[in-house]
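Number of protein chains: 2
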Amino acid sequence: MSKHTISITKTTNPKPRPDENNLVFGKYYSDHMFIMDYDAGQGWHDPRVVPYGNISLDPAAKVFHYGQTIFEGLKAYRTDDNRVVLFRPDENWKRLNRSNDRLSIPAVDPEIAFEALCALIDVDREWVPSAPGTSLYIRPYVIATEPQLGVSPSTKYMFMIILCPVGAYYSEGLNPVPIHVESEYVRAVKGGVGNAKTAGNYAASLKAQEGAAALGYSQVLWLDGVHRKYIEEVGSMNVFFKINGTVVTPALNGSILEGITRKSVLQLLRSWNIPVEERELSIDELVEAHRNGKLEEAFGTGTAAVISPIGALHYQDEKLTINEGKTGELSSRVYDTITGIQRTELPDPFGWVVEV
Amino acid sequence: MSKHTISITKTTNPKPRPDENNLVFGKYYSDHMFIMDYDAGQGWHDPRVVPYGNISLDPAAKVFHYGQTIFEGLKAYRTDDNRVVLFRPDENWKRLNRSNDRLSIPAVDPEIAFEALCALIDVDREWVPSAPGTSLYIRPYVIATEPQLGVSPSTKYMFMIILCPVGAYYSEGLNPVPIHVESEYVRAVKGGVGNAKTAGNYAASLKAQEGAAALGYSQVLWLDGVHRKYIEEVGSMNVFFKINGTVVTPALNGSILEGITRKSVLQLLRSWNIPVEERELSIDELVEAHRNGKLEEAFGTGTAAVISPIGALHYQDEKLTINEGKTGELSSRVYDTITGIQRTELPDPFGWVVEV
Ligand SMILES: Cc1ncc(COP(=O)(O)O)c(C=O)c1O
Ligand SMILES: Cc1ncc(COP(=O)(O)O)c(C=O)c1O
Numbered sequence: 001m002s003k004h005t006i007s008i009t010k011t012t013n014p015k016p017r018p019d020e021n022n023l024v025f026g027k028y029y030s031d032h033m034f035i036m037d038y039d040a041g042q043g044w045h046d047p048r049v050v051p052y053g054n055i056s057l058d059p060a061a062k063v064f065h066y067g068q069t070i071f072e073g074l075k076a077y078r079t080d081d082n083r084v085v086l087f088r089p090d091e092n093w094k095r096l097n098r099s100n101d102r103l104s105i106p107a108v109d110p111e112i113a114f115e116a117l118c119a120l121i122d123v124d125r126e127w128v129p130s131a132p133g134t135s136l137y138i139r140p141y142v143i144a145t146e147p148q149l150g151v152s153p154s155t156k157y158m159f160m161i162i163l164c165p166v167g168a169y170y171s172e173g174l175n176p177v178p179i180h181v182e183s184e185y186v187r188a189v190k191g192g193v194g195n196a197k198t199a200g201n202y203a204a205s206l207k208a209q210e211g212a213a214a215l216g217y218s219q220v221l222w223l224d225g226v227h228r229k230y231i232e233e234v235g236s237m238n239v240f241f242k243i244n245g246t247v248v249t250p251a252l253n254g255s256i257l258e259g260i261t262r263k264s265v266l267q268l269l270r271s272w273n274i275p276v277e278e279r280e281l282s283i284d285e286l287v288e289a290h291r292n293g294k295l296e297e298a299f300g301t302g303t304a305a306v307i308s309p310i311g312a313l314h315y316q317d318e319k320l321t322i323n324e325g326k327t328g329e330l331s332s333r334v335y336d337t338i339t340g341i342q343r344t345e346l347p348d349p350f351g352w353v354v355e356v
Numbered sequence: 001m002s003k004h005t006i007s008i009t010k011t012t013n014p015k016p017r018p019d020e021n022n023l024v025f026g027k028y029y030s031d032h033m034f035i036m037d038y039d040a041g042q043g044w045h046d047p048r049v050v051p052y053g054n055i056s057l058d059p060a061a062k063v064f065h066y067g068q069t070i071f072e073g074l075k076a077y078r079t080d081d082n083r084v085v086l087f088r089p090d091e092n093w094k095r096l097n098r099s100n101d102r103l104s105i106p107a108v109d110p111e112i113a114f115e116a117l118c119a120l121i122d123v124d125r126e127w128v129p130s131a132p133g134t135s136l137y138i139r140p141y142v143i144a145t146e147p148q149l150g151v152s153p154s155t156k157y158m159f160m161i162i163l164c165p166v167g168a169y170y171s172e173g174l175n176p177v178p179i180h181v182e183s184e185y186v187r188a189v190k191g192g193v194g195n196a197k198t199a200g201n202y203a204a205s206l207k208a209q210e211g212a213a214a215l216g217y218s219q220v221l222w223l224d225g226v227h228r229k230y231i232e233e234v235g236s237m238n239v240f241f242k243i244n245g246t247v248v249t250p251a252l253n254g255s256i257l258e259g260i261t262r263k264s265v266l267q268l269l270r271s272w273n274i275p276v277e278e279r280e281l282s283i284d285e286l287v288e289a290h291r292n293g294k295l296e297e298a299f300g301t302g303t304a305a306v307i308s309p310i311g312a313l314h315y316q317d318e319k320l321t322i323n324e325g326k327t328g329e330l331s332s333r334v335y336d337t338i339t340g341i342q343r344t345e346l347p348d349p350f351g352w353v354v355e356v
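Chains A and B, in that order, give the protein sequences.
The working numbering applies: residue 1 is where the first sequence begins, and numbers increase by one.
The working numbering applies: residue 1 is where the second sequence begins, and numbers increase by one.
Chain A on its own, in the form it takes in the complex:
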């Protein structure tokens, strides 16, 4: 399948674009979307860009009942010289297919996914915002559509891409948040689907998130489901701690999502000759490091925020304030470097940026 097989139907009814200075995450969608169907025996077929609009599904479609679905998330940025660039899209297609494999969903050819995204962005190029800090959030996803209530992999799927312009995550500079260490609920466990980007992981997280919010915390820090003591992730982000000069992040152990920001931060830190460790890290070790004044910085990493500094950890009635609740020096440096590369304001020594 090559580019010219993607059919394009343009909207006759373009929407007004939202005010770029008042964008809310995941609320506004662009004028078009990409769809491609899968049928067993036939494979993926009929790639098309069509006007954004409702999709019509049988009420027995498997996605509604058995959650056979995966997704990705990445961003397009408008550069100062008015080009549109993506950050490491290949990594998203690789992870998409790792998720597909875990969920028994047929693979999507990365080349077709990329062509699809290019075709879609091309039609909706005006939707890539240009105000400082804004970007176009891209959501590729696959849903199982066969109308059949048996618990078995679907014979039909849809691969879709939708786009939404999103505001600056930090309108007034990096903003450290207080985090609740979750001790009742578990996000994922080895042998489960924690390392896949699939719907069920997020559904499972809502209750804990509500509990943390009720206590006044923005997110939860997830502990592992087996020992209930090793750090896994923070909210829907990977997590890093600077302890006595060394940056530590939990190793990919099967229940943690392999974040693309995580991978990029690790590459960056190593290129700066800062000691990094991917390993098991217990909450006890963190508490101990804090007690000894060695817990220097903590931050989450993810596509949405890039870097989200952690100002304090709430663990068993104790509140561990980190770096006086202020953004750490390393957190800022990592944030500035990655966002600088993403917006082509800094050189791109790793070849991360792709123009579309």
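Note that these hints are calculated values from the structure, not bench results.
A few of these clues could be false.
Below, a list of computed lysine to any residue pairs in the SDA-like style, where the Cα atoms sit at most 25 Å apart [to be verified]: (1) A:K75 <-> B:V151; (2) B:K294 <-> B:E329; (3) A:K156 <-> B:G167; (4) B:K27 <-> A:L57; (5) B:K229 <-> B:L252; (6) A:K190 <-> B:N195; (7) B:K15 <-> B:V84; (8) A:K27 <-> B:S104; (9) B:K75 <-> A:V151; (10) B:K15 <-> A:S56; (11) A:K75 <-> A:R98; (12) B:K75 <-> A:S152; (13) A:K207 <-> B:E258; (14) B:K156 <-> A:R98; (15) A:K326 <-> A:N244; (16) B:K10 <-> A:R98; (17) A:K207 <-> B:Q42; (18) B:K94 <-> A:E210; (19) B:K229 <-> A:R228; (20) B:K27 <-> B:T339; (21) B:K94 <-> A:G150; (22) A:K207 <-> B:K27; (23) A:K190 <-> B:E329; (24) A:K326 <-> A:A214; (25) B:K190 <-> A:N253; (26) B:K207 <-> A:V151; (27) A:K229 <-> A:N292.
We have chain A already, so just place chain B with the ligands on it with the hints.
Only chain B with the ligands this time, still in chain A's reference frame:
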């Protein structure tokens, strides 16, 4: 909300009903479905029976991305004297709301759910099949429909009920199946959503099920995610073992679904003065019991099959044949009694059957 508020729109285009002797699980749907909407601030509203047909959703609807959805499963049976009866529907509404709570979905009033089901069955009464062993499978479910990509509980939901006539599970008598003891994948873990009937649990199970099928086994026996040794469930059923005269089933520990068939089997066994135990049960204990000739019977329990005898367990290159691969006496007795009560062919001492 009382009965008369459910609006009813009948199809003008009824479908031909499938041959009752060739029904496949979850493939044919009746002429109508029930829908009720939820909007934050307004609550559940607009309960309605409408012609079965596709539903139209925004591609950003949360169910596609974050799997915020739960479901139930029960059956309606046509009795010899042509009445239509349900088996313990109250238990389904209770579990529906336990699942809702875990998934941060607003509760559905059990009375409205029951009225909805009555209204729907009333319109599609002809769809309750009468051939021996057949029934009408009922699928109530809730999906999150707000078009918003933030990871947070939806502000909009749909509660729906669809119906499908299903064939006899055993056309030629109870049929013991060989089961693979799963050691790589995990269904659920304490602190997760294993005790809720939610989509993600089933998505997570597909890969293991495929692996077992490739080895020639019909289902997997799930071990717990923490110690990887305690028995949890078999496929999408609860599981019972008769060991030296005592019937043992895993205790409800937070990661096991509380099956209504399980509950009924326990009540029945206790009423027969058969010793039963709900407790931790390790695979090692089973292997040991088998070695000593004390593993007498094993069966799964669930709405679809009622009782599914286990003929053999495949564990670490060993094959433990149970009761010579034949259906055990107790398994048969339980099966005959529950199905007899369900079809009103036997007295109903527990008040399980409800006419609609
Ligand atoms: C559960 C979870 N962990 C971590 C991440 C961070 O991944 P990435 O850096 O690729 O955005 C995400 C997604 O964004 C996520 O959903
Ligand atoms: C995971 C799981 N376990 C057990 C059961 C058995 O429950 P019930 O007896 O209520 O059908 C079901 C559903 O039917 C299930 O989905």
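Going through the hints against the structure:
no.: 1; hint: A:K75 <-> B:V151; in the structure: 17 Å, holds
no.: 2; hint: B:K294 <-> B:E329; in the structure: 15 Å, holds
no.: 3; hint: A:K156 <-> B:G167; in the structure: 24 Å, holds
no.: 4; hint: B:K27 <-> A:L57; in the structure: 15 Å, holds
no.: 5; hint: B:K229 <-> B:L252; in the structure: 16 Å, holds
no.: 6; hint: A:K190 <-> B:N195; in the structure: 18 Å, holds
no.: 7; hint: B:K15 <-> B:V84; in the structure: 21 Å, holds
no.: 8; hint: A:K27 <-> B:S104; in the structure: 21 Å, holds
no.: 9; hint: B:K75 <-> A:V151; in the structure: 17 Å, holds
no.: 10; hint: B:K15 <-> A:S56; in the structure: 20 Å, holds
no.: 11; hint: A:K75 <-> A:R98; in the structure: 20 Å, holds
no.: 12; hint: B:K75 <-> A:S152; in the structure: 20 Å, holds
no.: 13; hint: A:K207 <-> B:E258; in the structure: 20 Å, holds
no.: 14; hint: B:K156 <-> A:R98; in the structure: 31 Å, violated
no.: 15; hint: A:K326 <-> A:N244; in the structure: 17 Å, holds
no.: 16; hint: B:K10 <-> A:R98; in the structure: 45 Å, violated
no.: 17; hint: A:K207 <-> B:Q42; in the structure: 22 Å, holds
no.: 18; hint: B:K94 <-> A:E210; in the structure: 22 Å, holds
no.: 19; hint: B:K229 <-> A:R228; in the structure: 18 Å, holds
no.: 20; hint: B:K27 <-> B:T339; in the structure: 23 Å, holds
no.: 21; hint: B:K94 <-> A:G150; in the structure: 23 Å, holds
no.: 22; hint: A:K207 <-> B:K27; in the structure: 34 Å, violated
no.: 23; hint: A:K190 <-> B:E329; in the structure: 38 Å, violated
no.: 24; hint: A:K326 <-> A:A214; in the structure: 23 Å, holds
no.: 25; hint: B:K190 <-> A:N253; in the structure: 19 Å, holds
no.: 26; hint: B:K207 <-> A:V151; in the structure: 11 Å, holds
no.: 27; hint: A:K229 <-> A:N292; in the structure: 19 Å, holds
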